[in-house]
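Engineer: Turn these sequences into a full structure, and let the hints guide you.
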Amino acid sequence: MNRRKFLKATLISGIAISSPEILFPLITPANAAVKSDLAVARGTSPARITRAAIDGLGGIRRFVSRGDVVVVKPNIGWDRTPEYAANTNPEVVATVVRLCYEAGAKKVKVFDNTVSNAKRCYKQSGIADAVSAVGGLVSFIDDRKFRDMKLSGYALRSWPLYTEVFEADKIINVPIAKTHGLTTLTLGMKNWMGIMGGWRGRIHQKIDGSLVDVSMAVTPVLVVLDAVRILTANGPQGGDLSDVKLLNTVVAGTDQVAVDAYGATLFGMRGSDLAYVRMGSEAGLGTMELSKLKIKRITA
Amino acid sequence: MIKKLRIATQGLFLLTFLWLFLQTESKGANELGYPVKIFLDADPLLFLTTSLATWSLDKFPYLALIVVVATAILGRVFCGWVCPLGTLNNMAGLLTRWRWKTAPLNWYRVKYSILIFLLISSLFTLQLTGIVDPLSLLIRSLSVTVYPMFSYATGAAFDTVYSTDIPVVVSISEFIYTILKKTVLPFQQPFFVQGVLIGILFFLILGANLVERRFWCKFLCPLGALLGLLSRYAFLKRSVSEGCDSCGACTASCQGGAAPDRREEWKNTECFICGNCDDICPRNAVSFGFSLKKPGASLDLGKRYVAGSILSGIVAVPLLRISPLMKPAYANPLLIRPPGSVDEKAFLQKCVKCGECMKVCITNGLQPTFLEAGLEGIWSPVLIPRIGYCEYRCTLCGQVCPTEAIQKLDLAEKEKVRIGSAMVDKGRCLPYAHATPCIVCEEVCPTPKKAIWLETVTVKDREGKEIIVKQPKVDLTLCIGCGICEAKCPVIGQPAIYVTSVGESRSKEKQLLLP
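Just so you know, the protein sequences line up as chains A and B, in that order. Taking my numbering, I'd label the letters of the first sequence as residues 14 to 313. Taking my numbering, I'd label the letters of the second sequence as residues 631 to 1145.
By construction, these hints were calculated from the structure, which means they are not laboratory data. Positions of the beta carbon are idealized from the N, C-alpha and C atoms, including for glycine. Hints may be right or wrong, so weigh each one.
No more than 20 Å apart at the CA atoms, straight line, and that leaves these computed lysine-lysine pairs for PhoX-like [stated by the list, open to error]:
no.: 1; chain 1: B; residue 1: Lys-957; chain 2: B; residue 2: Lys-1138
no.: 2; chain 1: A; residue 1: Lys-219; chain 2: B; residue 2: Lys-1118
no.: 3; chain 1: A; residue 1: Lys-136; chain 2: B; residue 2: Lys-657
no.: 4; chain 1: A; residue 1: Lys-136; chain 2: B; residue 2: Lys-811
no.: 5; chain 1: B; residue 1: Lys-1100; chain 2: A; residue 2: Lys-219
no.: 6; chain 1: B; residue 1: Lys-1118; chain 2: B; residue 2: Lys-1100
Here are the computed distance ranges between Cβ atoms for each label pair [said to hold, decoys possible]:
no.: 7; chain 1: A; residue 1: Arg-170; chain 2: B; residue 2: Val-1087; range: 28 to 34 Å
no.: 8; chain 1: B; residue 1: Thr-1088; chain 2: A; residue 2: Val-147; range: 47 to 53 Å
no.: 9; chain 1: A; residue 1: Gly-281; chain 2: B; residue 2: Asp-1091; range: 29 to 35 Å
no.: 10; chain 1: A; residue 1: Val-147; chain 2: B; residue 2: Phe-780; range: 33 to 39 Å
no.: 11; chain 1: A; residue 1: Ser-78; chain 2: B; residue 2: Thr-1088; range: 36 to 42 Å
no.: 12; chain 1: A; residue 1: Arg-170; chain 2: B; residue 2: Asp-1055; range: 27 to 33 Å
no.: 13; chain 1: A; residue 1: Val-147; chain 2: B; residue 2: Thr-790; range: 54 to 60 Å
Structural biologist: What follows is the structure, encoded as structure tokens:
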């Protein structure tokens, strides 16, 4: 644990909360002329479209620098194998990890606070094996590493969050697109539930505000939304292959709200149909107006 | 020479046993990959009483048969050389001195009475062997008490260092902690009801070595008694040469209390072939060898003792069966058995309370009962969802059960087995009683088509403001009773949705819905 680094990260995310746009120039390279807000890649190889989507935003080096400690946060919440689309596609996760190392990252850490038994989730999702194979550091959640953190208070004033996330130099969110009984869909912002500790079930009383609060506390440099397979019913856990739809798509972006707004369109909805996307947009976390964004579409 | 070889063998078997014990834990795959129950499979007493109680042979007992044959040829080598509880008793006995010259207790017949009681009661379908069978007892005590204690103490020690925040010290201790976590510590701290009681009994057994070394093995162990009977005509015999001057050194060192100083009156049924008498004899007068000679002292259990034991074995059966818990309608509704369990009556005949299923259960939900299943079912497994639910795609408990009380299911079968049914407590449920949104039970429900579904309802709060909530309902045709809804229900303590055994697949009488 490095306390100074942690404080720095908290401070930076604090600035980001007050005005997220301040942070973006810091991570935007000089050739911003070709910059897209979102990149959507389609193709049959999850690894290839993941790489293509990130390249579509200007490449991984725009987000990860030499020597960085990176946290890659997939959804590993459930004891399901990849074809059920309950967890992030292991190839997508492994590709993001591989890209980080290509950009010179020192360490790439992968973890999630699972709902089902963690050992089964990590193994059955295929993520632990895929990530380890490319040198990523897979770890189980260590309960000692949650700390109460101050949040923006739309629903939660504070909540125990996982400190390893805030100690990292860079954070990359790698969620999967699924349905959900309460929030309709679970996409990027909802994936931050996996860094929450405590008795998480309680947050469903004010789920949308809670998701905005936690999303504002974390500042991912990149969101990679896995829509290789999406779960269209009985989410977020699934279990029925007939609910799974093969989309062969990966969406990448830097704006948490925009990625989720685009994710909604994959289910025939609009971002504004999701209360947490609306609230996130109103809170200044990002934009849900896809018409105002430059979206690069790639076939790979 | 025999003694050294014996100690090495004991160490080897104890380590193998402990290693298999540690492997009785999921690594996330569907199978464990190790034959974790072989010690139980090698136990002829468990095999014999289970077969008697069920009047059936489930499988051919290769390993148990090897032990039987080895005993018939070599004597009680299992006790002296193999049994991990025997070895632990040996080790505990090191805390005291051998009692020179004081008369040893002469209670060795007690274990034969226990054995006869168990054989007779199991013949009349009552299976109580697991309570006192040494391997069952040991695995249960380790699973439920000793291992959780070890985990707790180790964790507490490292947490204390961790919280000091001293840079170098913490990184060294965390490094060691990580290695321990990967090797000998459990994935999560286990917690067990009954841990204290089971622990006290186990420590009493170890502590009894201070009264007399190998107290348990000499006086109480029913497996030892069975092997004693089998060793009556063993070929391996002890002989004492003319050099013996009756110094008595061997008596004090004898682990089994086999009266080695009596030469011809040596009790071969009590001998563990430990080799201590051979090792200690100052005149080197003791030797072991094969012979067809008539055995030494006769094994006189006493007619009255035998008759008393038989009688108590018979009486115990109706005594334990007159509880109203035997009536399906009055059976404890919270007695949720592991998936794949056979019908309760057969379950009680088969379960040997070894605790393997509790050790392997990945959510810690399988717990030892106390009296929920009657005294007959003490320490048999019960799922307590508030402690841990039944993981939908896990089949480990059936894989480790030594007697098929829990049958081995493949994944497709397991997903269909109903161990109970969930029902909502509308008085505590947030969307029903408190106009507050919550859908956690629906979210975690694992069946492909969710057994819990949500009805969108407009309710009013105290001020009359309309609030839209989704109220959970259970589709009893789909619910399998896994209890994850109960486990994750945000209403702490008494949950707002809970599972009872009604509708469990294994019971004809407990069905609820018409087909």
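Engineer: If any of the earlier hints don't hold here, list their numbers in rising order.
Structural biologist: The structure conflicts with hints 11 and 13, although it agrees with all the remaining ones.
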